[in-house]
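Protein chains: 2
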Amino acid sequence: MKFGGTSVADAERIKRAARRIVAAREQGNRVVAVLSARGKTTDELIAAAAEISATPDAREMDMLLSTGERISCALCAMAINDLGHRAISLTGSQAGIVTDTSHTKARILDVRADRIEAALEEDMIVLVAGFQGMSTARDVTTLGRGGSDTTAVALAAAVGADVCEIYTDVSGVYSADPRIVPEARKLEVVSFEEMLEMASSGAKVLQLRSVEYARNHGVRIHCRSSFEDGPGTFVVGEQETMEHALITAVTHSTDEARLTLTGVPDQPGAAARIFETLAEANCNVDMIIQNEPLGEGREGAELSFTVPRDDLRIAREALQPILGELGIAQIDEEPEMGKVSIVGAGMKSHPGVAAKVFATLAGEGINIEMISTSPIKISCVIRSGRVPDAVQALHTAFELGADAVLEERPIGERAR
Amino acid sequence: MKFGGTSVADAERIKRAARRIVAAREQGNRVVAVLSARGKTTDELIAAAAEISATPDAREMDMLLSTGERISCALCAMAINDLGHRAISLTGSQAGIVTDTSHTKARILDVRADRIEAALEEDMIVLVAGFQGMSTARDVTTLGRGGSDTTAVALAAAVGADVCEIYTDVSGVYSADPRIVPEARKLEVVSFEEMLEMASSGAKVLQLRSVEYARNHGVRIHCRSSFEDGPGTFVVGEQETMEHALITAVTHSTDEARLTLTGVPDQPGAAARIFETLAEANCNVDMIIQNEPLGEGREGAELSFTVPRDDLRIAREALQPILGELGIAQIDEEPEMGKVSIVGAGMKSHPGVAAKVFATLAGEGINIEMISTSPIKISCVIRSGRVPDAVQALHTAFELGADAVLEERPIGERAR
Chain A
0 MKFGGTSVAD
10 AERIKRAARR
20 IVAAREQGNR
30 VVAVLSARGK
40 TTDELIAAAA
50 EISATPDARE
60 MDMLLSTGER
70 ISCALCAMAI
80 NDLGHRAISL
90 TGSQAGIVTD
100 TSHTKARILD
110 VRADRIEAAL
120 EEDMIVLVAG
130 FQGMSTARDV
140 TTLGRGGSDT
150 TAVALAAAVG
160 ADVCEIYTDV
170 SGVYSADPRI
180 VPEARKLEVV
190 SFEEMLEMAS
200 SGAKVLQLRS
210 VEYARNHGVR
220 IHCRSSFEDG
230 PGTFVVGEQE
240 TMEHALITAV
250 THSTDEARLT
260 LTGVPDQPGA
270 AARIFETLAE
280 ANCNVDMIIQ
290 NEPLGEGREG
300 AELSFTVPRD
310 DLRIAREALQ
320 PILGELGIAQ
330 IDEEPEMGKV
340 SIVGAGMKSH
350 PGVAAKVFAT
360 LAGEGINIEM
370 ISTSPIKISC
380 VIRSGRVPDA
390 VQALHTAFEL
400 GADAVLEERP
410 IGERAR
Chain B
0 MKFGGTSVAD
10 AERIKRAARR
20 IVAAREQGNR
30 VVAVLSARGK
40 TTDELIAAAA
50 EISATPDARE
60 MDMLLSTGER
70 ISCALCAMAI
80 NDLGHRAISL
90 TGSQAGIVTD
100 TSHTKARILD
110 VRADRIEAAL
120 EEDMIVLVAG
130 FQGMSTARDV
140 TTLGRGGSDT
150 TAVALAAAVG
160 ADVCEIYTDV
170 SGVYSADPRI
180 VPEARKLEVV
190 SFEEMLEMAS
200 SGAKVLQLRS
210 VEYARNHGVR
220 IHCRSSFEDG
230 PGTFVVGEQE
240 TMEHALITAV
250 THSTDEARLT
260 LTGVPDQPGA
270 AARIFETLAE
280 ANCNVDMIIQ
290 NEPLGEGREG
300 AELSFTVPRD
310 DLRIAREALQ
320 PILGELGIAQ
330 IDEEPEMGKV
340 SIVGAGMKSH
350 PGVAAKVFAT
360 LAGEGINIEM
370 ISTSPIKISC
380 VIRSGRVPDA
390 VQALHTAFEL
400 GADAVLEERP
410 IGERAR
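One line per chain: the protein sequences are A and B, in this order.
Per numbering that gives the first Met the number 0, the first sequence starts with residue 0, numbered consecutively.
Per numbering that gives the first Met the number 0, the second sequence starts with residue 0, numbered consecutively.
Looking at chain A on its own, in the form it has when it is part of the complex (with noise of 0.2 Å):
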């Protein structure tokens, strides 16, 4: 069970976190459960962090943060010891996680579970800080950005536990943001793979790398609320979902910026130079477009490409350097685009999706700047004011909120 950070943030979020952990173990399970920082806590430490120094020691950046999911996880073993159980609240490195080097991004390399395994043996309730561990080197190592949940998957993964519950303050993954479209309806299953294209165009339920852990290690994901009871959305292996829907999910980003680089020279390893550029800078390049040279007296290809907005600076003054190495006559700017998503497992075998998609946004007169596909994604880049319109379109025209979708779905309760 894996909890976030404000299902954490107070005393009685706290108190009802270790009454949700109390009421699995009452239910016969063995229980590990995994706490992020309370609320502001993280923000709290960077803040301090920045008032001493600028550019911060990655390592001690680590001791620093560490510390957060540590009182979480304390505070929480209090509260459970009250409820009558008996609870132990271990670090990282206590529980064995063992990272590489990469202080504030490090990857876990090793689950030495065998703490836990003896406490679980105790029957005791175990309870990890998550986003952290211990490297190669001894140290403490942070996980990076959904660092929680990459903890919880390689805990659940290292004891082979039969689900990685995730409690956040949503109740499960939707077919788009109900905030957007009222008739959005909760997903019972999705796949990995679906899950995955899922994460990486703008669905913030679960991160991206704990994803792809739970494939590479086959942990069968339940991602749930903290504030409500019922069934949430399992994350599992496509043979576990039986029959694809055509259509899974409408997803979509409002923060993206797209840079267009013109006169980009036709010579091998310019863009090669151009992404390296990019790379180094860590600016995070997601669709990219090259464009033959249209009309008389133009030179080189036209180069087009999104970054997230908070980025675009960052991208503009790494590039403006190796503009006249490379002879790019200018580079032009759009900060306000957005990208719509519609992600399905069963895209592969229906053709024809592909059109409807281009068609729905057509006929509500949003233009499509840039297109990127896979087997189970069609990705389209409009302006970002344009978002909420295309999303709710998609969603009616692939009829993402109608029950008869969930006919197909085998697994969980049925809410309807």
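Don't read these hints as lab results, they were simulated from the structure.
Treat the hints with care, since some could be wrong.
If you only want the chain A side, here are some residues facing chain B, beta carbon under 8 Å, derived [said to hold, decoys possible]: (1) Ala-8; (2) Ala-10; (3) Lys-14; (4) Pro-55; (5) Asp-56; (6) Glu-59; (7) Met-62; (8) Leu-63; (9) Asp-81; (10) Ser-88; (11) Gln-93; (12) Val-97.
Some chain B residues flagged as far from chain A (calculated, every beta-carbon gap over 10 Å) [what the hints assert, rightly or not]: (13) Ala-10; (14) Ile-13; (15) Arg-19; (16) Ala-23; (17) Asp-81; (18) Gly-83; (19) Thr-103; (20) Leu-119; (21) Val-158; (22) Ser-224; (23) Thr-276; (24) Gly-323; (25) Gly-351.
Model, not experiment: these values are computed from the prediction.
All residues carry an ideal CB built from backbone N, CA and C; glycine is no exception.
Fit chain B to the supplied structure of chain A, relying on the hints for placement.
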């Protein structure tokens, strides 16, 4: 070098401590620094635990509280790195502090300083989280009150440090509390034995346990100010202090309470039963006096003892159940008591000191309620309201503010 909570209370103070540490390094020293939790961090963590549980589990309390010192160390390491030196922060566990399993009041069993020594070999400044260790059961433990001083002294012993510098918000050990006695003199050197008597009779500058550890392992302590330069007070072995002043200091406390039991049966074991009961209740008994019954018709002895005022209620409640069993007639309480003590290693070879103490207090019209002595200390329990007068009178009577006394002192620079 050890920095207390007020010396690392905010970003500015952490940077100041970092500059101090770097200055020591640049003078050619190898430096290990022990840091306490920032100002109010520990109080905030205790409050967070109190919100969760009235009786928080001791193991989990240790997991919780140990985070405060780690935060200080990580932040200070960042500040040192910014000053162009390499620093590494270590938890108590990483620093090799091995304790017993008495959570919240663990005792240090061993210090395995190989990791510290390896870092020093690599020319790094080592920062260690005070107040904590790892138990023989591999759990995080804390050392209880004054624990960071003890960490510093234990590490100084383990690495064979030339000196253990304790930085606080006062500039050293004084011949009396300067808030009461304006002419009180900063002592250049005191012996371990004197410091132990002073710590146990009200001087708050060093914790008793750390002085005991220093005496047992021959660690020279230099107690000095975080906020000003210049030497503070050295605490060293008796052989180093050369000649003894007759009296070194006047110490005091104003937060004592006295309990008097009348009709205590004149039978073996009655007193033992009483003080065992108080010990089980964790009530800290200081001075004890037993009188034979006076006058006709009174049976049993009269037994008086002092406890910290905060323990008065605990003491009363602990004794209540056994009063009937022992046939004790009544308990009288006097909550407004204080204590004044004179400490000095030279006292051993000078008779007449006690007489001078009593005469001085009598001259001020101060009634002495109880007396206890050791070879180098005389303590008198008096009304708490008279404590300032008593401290001033004794300081004057023994000429502790006089410059002449300085001539006997061999260590440190002369301030005047």
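Hint by hint, here is what the structure shows:
Given the 8 Å rule on beta carbons, the hint for Ala-8 (chain A) is violated: about 12 Å separates it from the nearest Cβ of chain B. Because the smallest distance between the Cβ of Ala-10 (chain A) and any Cβ of chain B comes to about 4 Å, under 8 Å, the interface hint for this residue holds. For Lys-14 (chain A), the interface hint holds, since its Cβ comes within 8 Å of a Cβ in chain B; the closest pair sits about 7 Å apart. Interface hint at Pro-55 (chain A): satisfied, since its Cβ lies 4 Å from the closest Cβ of chain B, which is below the 8 Å cut-off.
Against a cut-off of 8 Å between C-beta atoms, the interface hint on Asp-56 (chain A) holds, since the closest Cβ of chain B lies about 5 Å away. Among the interface hints, the one on Glu-59 (chain A) holds; its C-beta lies about 4 Å from the nearest C-beta in chain B, closer than the 8 Å criterion. The interface hint given for Met-62 (chain A) holds, since its Cβ lies 4 Å from the closest Cβ of chain B, which is under the 8 Å cut-off. Restraint check, Leu-63 (chain A) versus chain B: the minimum CB separation of about 4 Å is within 8 Å; hint holds.
Using the Cβ-Cβ criterion of 8 Å, the hint placing Asp-81 (chain A) at the interface with chain B is satisfied: the shortest such distance is roughly 5 Å. At its closest, the beta carbon of Ser-88 (chain A) sits 5 Å from a beta carbon of chain B; the interface hint therefore holds under the 8 Å criterion. For Gln-93 (chain A), the interface hint holds, since its Cβ comes within 8 Å of a Cβ in chain B; the closest pair sits about 7 Å apart. With its C-beta approaching chain B no nearer than about 15 Å, Val-97 (chain A) sits outside the 8 Å limit, and its interface hint is violated.
For Ala-10 (chain B), the condition that its CB be more than 10 Å from all CB atoms of chain A is violated, with the nearest at approximately 4 Å. With a minimum CB-CB distance of about 6 Å to chain A, Ile-13 (chain B) fails to clear the 10 Å threshold, and the non-interface call is violated. Distance check for Arg-19 (chain B) against chain A: the nearest CB is about 15 Å away, which clears 10 Å, and the non-interface claim stands. No beta-carbon of chain A is positioned within 10 Å of the beta-carbon of Ala-23 (chain B); the least distance is around 19 Å.
Against chain A, the non-interface label of Asp-81 (chain B) is violated: not every CB pair exceeds 10 Å, the least being about 5 Å. Here Gly-83 (chain B) stays apart from chain A, with its beta-carbon at least about 12 Å from theirs, past the 10 Å limit. The beta carbon of Thr-103 (chain B) is kept farther than 10 Å from every beta carbon of chain A, the shortest such distance being approximately 12 Å. Interface exclusion of Leu-119 (chain B) from chain A stands, the closest Cβ pair being 16 Å apart, more than 10 Å.
Annotated as non-interface, Val-158 (chain B) keeps its C-beta farther than 10 Å from every C-beta of chain A; the closest such distance is 19 Å. Non-interface call for Ser-224 (chain B) relative to chain A: holds, since the shortest CB-CB distance, roughly 22 Å, exceeds 10 Å. At the 10 Å boundary, the C-beta of Thr-276 (chain B) stays outside the reach of chain A, the nearest C-beta of that chain being 28 Å off. Chain A leaves Gly-323 (chain B) outside its interface by the beta-carbon criterion, the shortest separation being 34 Å against a cut-off of 10 Å.
Against chain A, the non-interface label of Gly-351 (chain B) holds: every CB pair exceeds 10 Å, the least being about 57 Å.
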